[in-house]
Each structure stands twice: as C-alpha cells, then as structure tokens.
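Taken in sequence, the protein lines are chains E and U.
Numbered by the working numbering, the letters in the first sequence go through residues 1 to 207 in order.
Numbered by the working numbering, the letters in the second sequence go through residues 1 to 301 in order.
Check the hints yourself; a few may be wrong.
Some chain U residues judged to face chain E by a derived CB distance under 8 Å, without partners named [to be verified]:
| id | residue |
| --- | --- |
| 1 | F5 |
| 2 | E209 |
| 3 | M213 |
| 4 | V216 |
| 5 | G217 |
| 6 | A218 |
| 7 | S219 |
| 8 | N220 |
| 9 | Y222 |
| 10 | L225 |
Bear in mind the hints are in silico, worked out from the structure with no lab data behind them.
We put the beta carbon where it would ideally sit given N, CA and C, even for glycine.
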Amino acid sequence: MTINKGEFVFLVGPSGSGKSSFLRLILREERPNDGRILVAGNDLARLTNWKVPALRRKIGCVFQDFRLLPNKTVFENVAFALDVIGKPRRFTRRVVPEVLDLVGLEGKHDRMPDELSGGEQQRVAMARAFVNRPMILLADEPTGNIDPATSIGIMKVLDRINRTGTTVVMATHDAAIVDSMRKRVIELEYGKVVRDQNRGVYGQNYQ
Amino acid sequence: MRSNFVFSEIWIGLRRNLTMTVALIVVVAISLSLLGTGLLFVKQVDATRTYWQGQAEVSVYLCYTESANPSCHGAVTPQQTAALESRLKAMPQVAEVTSVTQAQAWALYKQAFTNNQSYISTLKETDMPPSLEIKTHNAGSDDSVVVSEMTGAQGVDSVIDEMSILAKFYSLLNGLRNAVVIVALILVVAAILLVANTIRLSAFNRRRETGIMRLVGASNFYIQLPFLLEGVIAGLLGWVLAVALLIGVKSLLLNNLQQYFNYNVGLSATDLVEVIVLAMVIGVALCGITSFLTLRRYLRV
Chain E
1 MTINKGEFVF LVGPSGSGKS SFLRLILREE RPNDGRILVA GNDLARLTNW KVPALRRKIG
61 CVFQDFRLLP NKTVFENVAF ALDVIGKPRR FTRRVVPEVL DLVGLEGKHD RMPDELSGGE
121 QQRVAMARAF VNRPMILLAD EPTGNIDPAT SIGIMKVLDR INRTGTTVVM ATHDAAIVDS
181 MRKRVIELEY GKVVRDQNRG VYGQNYQ
Chain U
1 MRSNFVFSEI WIGLRRNLTM TVALIVVVAI SLSLLGTGLL FVKQVDATRT YWQGQAEVSV
61 YLCYTESANP SCHGAVTPQQ TAALESRLKA MPQVAEVTSV TQAQAWALYK QAFTNNQSYI
121 STLKETDMPP SLEIKTHNAG SDDSVVVSEM TGAQGVDSVI DEMSILAKFY SLLNGLRNAV
181 VIVALILVVA AILLVANTIR LSAFNRRRET GIMRLVGASN FYIQLPFLLE GVIAGLLGWV
241 LAVALLIGVK SLLLNNLQQY FNYNVGLSAT DLVEVIVLAM VIGVALCGIT SFLTLRRYLR
301 V
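Bound-form chain E, shown alone (with noise of 0.2 Å):
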C-alpha cells in the first residue's frame, strides 16, 4: 500500500485494528515482524539506530491528549521542537509567530497550556508539530478530547496544513469529520487493510 506525497489520509477502524500500531511503525517506535516501511524514501529496516533522529525531523506528531509541557508557554513549547534540534535562537523567533499565526493562535505566546482550552492546546501541538516544515504529519486521534464544534477548526487546520504539500495521516473515530472532508480512507480491521477508498465515508458499518 503506497500513500504519495501531498495526500490527505484517514486512518478508521475500531479501537485495537492497529491504526496507533500503523503510525508507530512509521515512525520507527515499532518493528515490524516481516514486510517492507519505506518513509519518505527510506527503507526502515535498513535504518541504523543513530539514524533515526533524522527520520523523525521528517514527522511531525499531533496527539489526543496533546502532549504539551505544562511548565513551558505556548511560544516555548513550540520552540522546543526547534532547541533540542539545535536551531538558532534567531531562526526560532522569526519561524514561530509565523506557524503560530498559521494555527490561529496569534496573540497567545505567552499563555501556559493549563490557561488554555483542549481546542487552543491541540493547536500548539499542531504548530510544534509543523514548525520544523515536515515532510509529513501523522495525527492520532487529534480530536478525540474535543468537541465537535471546535474540531472543525482543527481540521481547518489540518488542511491549510495539508494544503502546503504535507502528507497527512489521521487516525480517527471521529466519523462527521471523515464523512465531511471526503478524503481517502484507509480502514482496518484486526491488523488488516480491508478498504482503501479514496473520498471515502467513514463506514457502512458505524452509523
């Protein structure tokens, strides 16, 4: 199964089919027992331990639960994506208010994640995830602790995202999400690919 650059992916499947357990193999947490992950042109298996860091530049993470650190603002959270990489203070503080504005947080740099709401924290994570330019985005169940309302926003967000040629991939139970945006999706089952259909509906099955 190829996903190609630039496309919008919707990962659905009931909670144990492997939709966390497929994005953890791209990102090279797990092995696989047999068959062959190329990521961006890399083949996984061949990947040596000290680089993987490289790969990972390559990936950006959207969480349900976000993820953020609680005793960093909102700009140094998304700025510790780019220190522990070893960007330059002037690199951080010109790119940051830019994918901040992007994410529509303009104007709450200062602001420490308990002060803000679930929608506002997953769009920090967004904008970390996003900062360092990634090839690719992977999303897991990003608006599991959100309300319906606000997870509009979110993937208003996903697709401006989206729409910069970033790969998308999201896992999700999230059914008016996947119905609405009408992208490819992927479905599986147990482990196992069973539909893969592009501007796809979440499922005949869960209404």
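Please arrange chain U on chain E, whose structure you already have, making use of the hints.
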C-alpha cells in the same frame, strides 16, 4: 548544538533533584578523599623507607662511663672497640661497619634535634654512647645473626635492631592504609549506586521532555548529554570538596607526623598534586561511566 540550551537543561535537572545531588556530591567527596588519603599514606611510607635505606640496620652501642648495663665495666677501651670491629668485619653478613665516637654522636644528636632545644639542654657530650653502625647485606635474615653475635660481647652496652622497630612502624602505617582504602572502596560502591539512582531519577522526572525530544527527532547524544553532564558536574563538585579535605589531611595529619621524625620525610607539594589529579580522574570517570551506563538502561532512545 546550542550550549545555552544544554546548560539550562542541566541546571534544571540538578535543581529538581537537589537533595539527591547534594547527597551524591558528599559521598563522592568522602570516597575520593579517603582514596586520596590512602594514597598519601603509601607515599608517606615510601618517603620514610627511602630515608631509612641510607641508615644503619643494626646499632651496637658501646659501654661508656655512664652505662647502666652491669656487664659494662667502665668505658669501652680502644682495643675492645678494635676487636669488635674486626669481628664484625669478618662476618659474612656484615656489609659495612661505621664507628661513631662520643663526639660524633653528640654532633649528630644536636643536628637532629635543632628544633627541640629542650632535648639538647638536658644532655651533654658524655651522655652520648659511642656506637658501631652496621649495614648488612640482607636486612631480613642477617640482622638477627649480627644481633645475637654482638649481644653480651665485651664492651657492648646494648644492641638495637633498627629494622625490627621500623618493621613495626611500617606495618602500622600499612594497616592504617588498608583500613582507609577498604572504607574508601565501600564508599566508592555507594557513590556508584548513588550516581545511578540520581541519574535514573533525573531521567524519570524529565520523561515528558525526553519523550518529546525523541519524537521531534533530537539526536540521541543531545538527549543524553544533559544527564551525563549532570553526573559529571556533581562528581567534579565532589572532587573539589575532596581536594579541600585532602589538603587538610596533609597539613594537619601528615605534617604533624614530622615531629616524630627528626629529618624531613614530609611529602612535597608535587605528591599532593599527583594524588589530587588522580582523584579527579577517578571521580570523573566513575560518575561519567556510571551515568552513561544508567542512561542506556533507563532513558529510552
């Protein structure tokens, strides 16, 4: 790599675990200073040994006018002295015989106790016994032969086997050294365990940050470096304390030893510096290696 970032992470790490870091520093300080003290003892023994190599091994004190020994009938005569000397020279065990007259003995005594005028003022030249200073070929076995040969001979007041006195002194110092080193090694084990625990705790406390660092693609080295340096810096601080303690040991303990000897067996500044540098190498290596091994186990990369 941004050094500011690394240093701020290290500082945060040290502060969060302050109590453990302090405990670590203290244990490293004590173990390094005990190890260093053991080393200083070894050097001290060597210094005294070197001095004594040049001295006589058996001293035969001859009768003089004030002799307390009842078998002495007045001062030793030149013939008796000559007879004793030739008898000694004939013995295969004897390498060298030096005769020391009363006048020479007095001069040596005054020189030895120049720092203690009270010892000099209470005595005079005629209180000094003349002696025959003997060096043997093989101190271990020959000395006792010479001692038994000379004891009770005509004109002999007393025979002192210097080496047996020294042997006691060496064994005392060695015993002290061994005790110190054993305690030091126990503390070194404690230090290793403490470093491992501190690093492990530190890594656990910062798992959120390290998790994100991994996700975002920070290199393994960059993730581990702050923790490694935490361990090394704590070790270095412990070493600084140890240096202060070692300087104390040298100036208070060992320099006071000097007063029991009337020649210079003091350790030089170079000796102390050697021990200090060795302590630093051991301290840094200990902390660094333990930190590294602990990180491999507890920090997922």
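Going down the list of hints, with the structure as the test:
Interface restraint check for U:F5: the shortest CB-CB distance to chain E comes to about 5 Å, inside 8 Å, so the restraint holds. Below 8 Å, beta-carbon pairs count as interface contacts, and U:E209 has one with chain E at about 6 Å; its hint therefore holds. Proximity of U:M213 to chain E holds as hinted, the smallest CB-CB distance being about 5 Å (cut-off 8 Å). Taking 8 Å as the C-beta contact cut-off toward chain E, the hint placing U:V216 at the interface holds, the least distance being around 5 Å.
This hint holds: U:G217 has a C-beta 3 Å from the nearest C-beta of chain E, less than the 8 Å allowed. Interface restraint check: U:A218 against chain E, minimum CB-CB distance 4 Å, threshold 8 Å, status holds. Interface hint at U:S219: satisfied, since its Cβ lies 5 Å from the closest Cβ of chain E, which is below the 8 Å cut-off. Of the supplied interface hints, the one on U:N220 holds, with its beta-carbon coming within about 6 Å of a beta-carbon of chain E, less than 8 Å.
Checking U:Y222 against chain E by beta carbon gives a least distance of about 6 Å; that is within 8 Å, so the hint holds. Interface restraint check: U:L225 against chain E, minimum CB-CB distance 11 Å, threshold 8 Å, status violated.
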